[in-house]
Structure formats: C-alpha cells, structure tokens
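In the order they appear, the protein sequences are chains L and F. Using the working numbering, you'd call the opening residue of the first sequence number 6 and step up by one each time. Using the working numbering, you'd call the opening residue of the second sequence number 6 and step up by one each time.
Treat the hints with care, since some could be wrong.
[Claimed, not checked] DMTMM-like mimics (lysine to aspartate or glutamate), calculated; alpha carbons at most 25 Å apart, straight line:
hint, chain 1, residue 1, chain 2, residue 2
1, L, K192, F, E184
2, L, K165, L, E102
3, F, K68, L, E96
4, L, K68, L, D228
5, L, K192, F, D72
6, L, K192, F, E48
Because the hints were derived from the structure by calculation, they are not lab data.
Protein chains: 2
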Amino acid sequence: MRGLSRGDVNKDGSTPIYSQVEALILDMIETGKLSTGERAPSEREVATSLGISRMTARAAISKLVSDGYLHTVAGKGTFVSDPKLRQDLLELTSFTEDMLRRGLRPGARLLGLEVADQVPLKVRRTMGVSGDSELISVRRLRTADGRPMCLETSYLPRAKVPWLLEEDLQSGSLYRILESRSIELAKAEEHLEATLATEEESELLTVPAGSPALLIERITYTDRDEPIEYVKSLYRGDRYRFSAMLFKKRKKGGGS
Amino acid sequence: MRGLSRGDVNKDGSTPIYSQVEALILDMIETGKLSTGERAPSEREVATSLGISRMTARAAISKLVSDGYLHTVAGKGTFVSDPKLRQDLLELTSFTEDMLRRGLRPGARLLGLEVADQVPLKVRRTMGVSGDSELISVRRLRTADGRPMCLETSYLPRAKVPWLLEEDLQSGSLYRILESRSIELAKAEEHLEATLATEEESELLTVPAGSPALLIERITYTDRDEPIEYVKSLYRGDRYRFSAMLFKKRKKGGGS
DNA sequence: AAGTGGTCTAGACCACATT
DNA sequence: ATGTGGTCTAGACCACTTA
C-alpha cells in the first residue's frame with residue numbers, strides 16, 4: 006500500500022507510535038487517498054509496511070473505528086465510513102469552537118461576573134458546595150456573526166478558579182482560559198429541552214416574546230471526575246440545532 | 006482482591022475472556038463491592054488473580070473506561086467514576102426502551118402505514134433512493150403512561166423491509182421487529198431543535214396551540230453503514246428532555 | 001523502591017470471507 | 001488456500017506517583 010513506509014513513524018519521539026499511525030491513516034482519508042467505502046490497508050499491511058507490531062497497528066485502527074472514521078467487517082477487512090457518520094458529533098466543545106465549526110464568528114457580551122450568593126439548590130448540589138459565596142457566576146450573551154445566539158449563565162467553584170474574576174470574558178473563550186490554567190476538561194453531561202423565551206430573554210436574544218428556544222443544561226467535569234462548571238444556556242430556536250451521534254451497545258452474555 | 010479468582014473466567018467458552026472480565030468488574034461496581042471514587046483492582050491484580058494476560062485484563066478495563074464506569078490516572082490507578090457520569094446517555098435506543106428507562110409505560114397509536122409516494126427530497130437523498138414508492142412511511146402517535154408524548158414519522162427503504170406493511174406497529178417496537186429480522190442497528194445521527202407545535206400537531210399531542218416542542222430528526226444506520234431509517238419526531242416540550250454525554254477529544258502532536 | 005497505567009513486541013489460534 | 005479481523009499470551013521498558 007503506497008503512502009505507508011518505515012520512514013513515516015518515529016519510534017524515538019515522545020508521540021506514541023499508534024497515535025502517529027492514527028494520524029497517517031486519518032490523513033489518507035482526509036486527503037482522499039482512501040475514499041468512502043474503500044477498503045483500508047489491513048492491520049498486517051500497516052504493521053509490516055511501517056515496521057511495527059500488528060497490535061500497535063490495531064490500536065491505531067481501533068481508535069479510528071471508535072471515532073467513526075472506519076468500520077470493520079470480520080473476515081473481509083476495514084472500510085472507510087461515510088463522512089456523515091464521522092462528523093464531530095458528541096464532542097465536548099466550547100461555544101467558541103462550536104460556532105467556528107459552524108462557520109460563524111463567535112462573540113460575547115458580558116452581562117455579569119460576580120461571586121454568586123443566591124444560587125439555586127440544584128446547582129449547589131450538582132457542584133458539590135453547600136453554602137453561599139462558594140460559586141462564581143458568569144452571565145453572557147453569546148453572539149454569532151454579531152447577532153445574538155444564546156443566553157448563557159455559568160457557575161464555577163470559587164475555590165478552584167479564584168482568579169476568574171480578573172479574567173477577560175468579553176473576548177476570550179472560558180474553556181481556553183481554564184486550559185491555560187491547567188484545568189483539563191474531560192466530559193460533560195447535557196440535558197436539552199424545548200421551551201419558550203420569557204419577555205426579558207427574548208429581548209436580549211432579539212426575538213419576539215414567546216419564541217421557541219432550546220434550553221441546554223451542561224455539567225462539565227475535569228479528567229479527575231470533578232464538576233468544574235454548571236451552565237444553563239438558552240439558544241434561539243431559529244438559529245441553533247444540536248447534533249449527536251448515538252451508538253448501540255452490545256448485549257450482555259455473548260448473545261450478539 | 007477478593008471477588009476475583011481463577012474460576013470466574015471460562016477460557017473455553019465462546020464468550021471472549023475480556024468480555025467476561027468486563028462483566029465481572031461491572032458486577033462489582035453495580036453491587037457496590039466497588040464504590041464511587043474507590044480504586045479498582047489494578048490491571049496486574051486482575052491478570053494474576055484470574056490467571057490471564059495483563060493485556061486481556063487491560064482490554065476489559067479500557068472498555069469500562071470508554072463506557073464511563075471507570076477512569077484512569079497514570080501512576081495512581083483506576084477509579085470508579087461517579088454514577089452520574091456513567092448513565093446510559095448517548096445510547097441508541099428505541100422509543101419503547103427510552104420510555105421504559107424513564108419509568109413510563111410506552112404505547113403507540115398508528116396513524117398511517119403505507120408506501121410513501123410524496124417524500125421530501127431531503128429524505129430521499131438521505132436514504133439513498135431516487136424515485137417515488139421506494140420508501141415505506143410509518144406515522145404514529147407515541148404515548149407514555151397513556152398520554153401523548155410525541156408524533157413520529159418514519160421512512161424505511163421498501164427494498165430492505167418489504168414485510169413491514171404486514172407488521173403490527175400498534176403495540177410492538179419497530180426496532181425489535183427489525184432485530185428479529187436480523188437487521189442490526191449500529192448508530193444514529195440525531196439533530197435536535199426547538200420549535201412550536203402547529204395546530205394539527207398540538208391537537209394530536211393534546212397541548213395548547215403554540216406550545217414549545219422538541220423536533221428530533223434521526224437517521225439510523227446498520228452495522229454496515231447503510232441508512233435503514235429516517236425519523237422525524239416532535240416531542241412535547243413539557244414532557245421530554247434529551248440527555249447526552251459529551252467527551253473531549255485529545256489534541257494531536259502534544260501541541261497543548 | 002515499589003506499584004501503577006501507557007506503550008510495544010513477536011508470536012499464536014480462531015472463525016469467517018474470498019478465490 | 002489465503003487473507004481478514006478478533007482474541008490472547010508472556011514478556012518488556014517508560015514516566016509517573018506514593019511511600
């Protein structure tokens with residue numbers, strides 16, 4: 006299989022070999038050297054042509070399978086999946102990343118940044134704090150291409166982000182700020198429901214009162230499973246669409 | 006670590022060892038033998054106590070990690086994740102399963118089952134058919150505990166499910182019917198948006214006209230990446246909430 | 001120093017597909 | 001008969017954390 010040769014992987018570098026292989030195959034897919042439905046090089050081909058172990062090649066391919074780029078058929082081979090099935094659905098992103106991905110220019114108008122002293126019980130419980138003044142709240146009107154997209158209220162634990170009150174939340178992405186402080190976000194639980202914008206909300210979002218809106222509640226966790234952020238976002242129903250990829254779980258007991 | 010001994014795995018059976026190990030550890034978590042935040046047995050412990058290779062033990066643990074039951078910390082160990090983070094979010098389920106999981110009794114009222122001859126272009130394209138009469142449409146009012154929950158319109162390729170017109174879609178789950186015919190569903194792409202119920206829709210859903218509703222579009226694929234179903238569902242905004250778990254992807258090349 | 005997860009090797013046998 | 005993915009082994013070295 007042309008395109009894969011021993012020189013393509015660096016065994017001494019700090020980057021794991023399987024990650025390099027993953028990037029190599031991904032590149033072949035994205036540049037069209039491998040097209041949809043086509044058979045990808047087999048595990049053994051990848052292993053021998055790159056001079057690595059089959060298990061290492063397999064690790065790379067497995068990752069691409071779980072990310073939706075490839076799918077395997079036992080006895081036949083590994084095939085390139087339909088691009089529709091490998092869209093970056095269900096990836097945890099910031100509003101900023103989300104908008105950029107949609108081809109829109111993200112923006113923010115800061116409505117409030119303060120130590121919160123009247124936090125709903127539900128939020129306090131979720132964030133694992135008991136008293137008042139333990140959370141910082143950020144309220145922002147998020148814009149896309151300059152026009153209102155959603156109304157966002159975040160709560161973060163003061164103990165973990167005491168420096169937040171000094172940050173510039175007008176322009177920057179909150180998630181990028183957190184990462185620059187070595188707070189690694191790992192996953193988030195989201196709940197979505199359809200609702201109507203109240204009078205105040207519709208005014209800020211510049212839509213008629215009673216317009217449909219998508220209410221998204223998100224609890225973000227760090228790589229140590231600690232809740233780091235509770236966000237309630239109200240998106241304009243006419244401008245926003247949420248996408249996700251759902252997977253079927255295997256049955257227990259070897260049935261399937 | 007008590008609870009894991011050589012007799013617990015069957016090396017001759019048809020069930021892979023790592024699946025058995027996965028089930029064993031999962032059981033320890035669900036029965037409380039391992040509680041939230043506690044350290045799970047290490048890869049080497051599992052391997053030696055069960056008399057298997059470390060790589061096999063690791064395969065089982067990796068699966069549980071990717072399913073959200075455990076999380077690893079390099080150099081420290083593997084820990085049991087918060088139950089909130091391992092809820093079955095983002096799993097592909099039928100309406101029937103979904104309702105049962107929410108503790109509601111699912112039901113259906115068949116509104117239409119026919120060969121569809123006026124299918125929107127978008128649906129035809131998605132399903133990969135060109136002409137008319139190649140899709141079967143199913144329109145049902147779905148109920149939960151006897152009260153209307155959503156209005157569901159499905160399109161399936163006639164060529165793949167010619168027997169569908171004879172099926173009982175009043176009581177049974179469509180997905181269970183497909184599975185009984187050896188059609189394995191693997192994943193689905195979903196798009197959600199907030200909207201308002203039209204007059205006809207609100208009447209069927211027994212809500213006031215102009216009520217908020219969650220519009221869900223789903224395209225379901227088989228394990229061979231073939232689209233098998235296109236569904237448009239309109240859920241009552243006051244009764245339904247969609248949940249998902251989002252994960253952060255790793256950065257490439259150590260740039261971060 | 002000892003234990004942990006992260007990575008990697010060089011083999012092996014199996015069931016299944018294709019030729 | 002050959003090639004494929006699926007599974008499994010019995011080692012190995014590394015960076016990291018904890019004691």
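Earlier hints that do not hold, by number: Violated: hint 1 alone.
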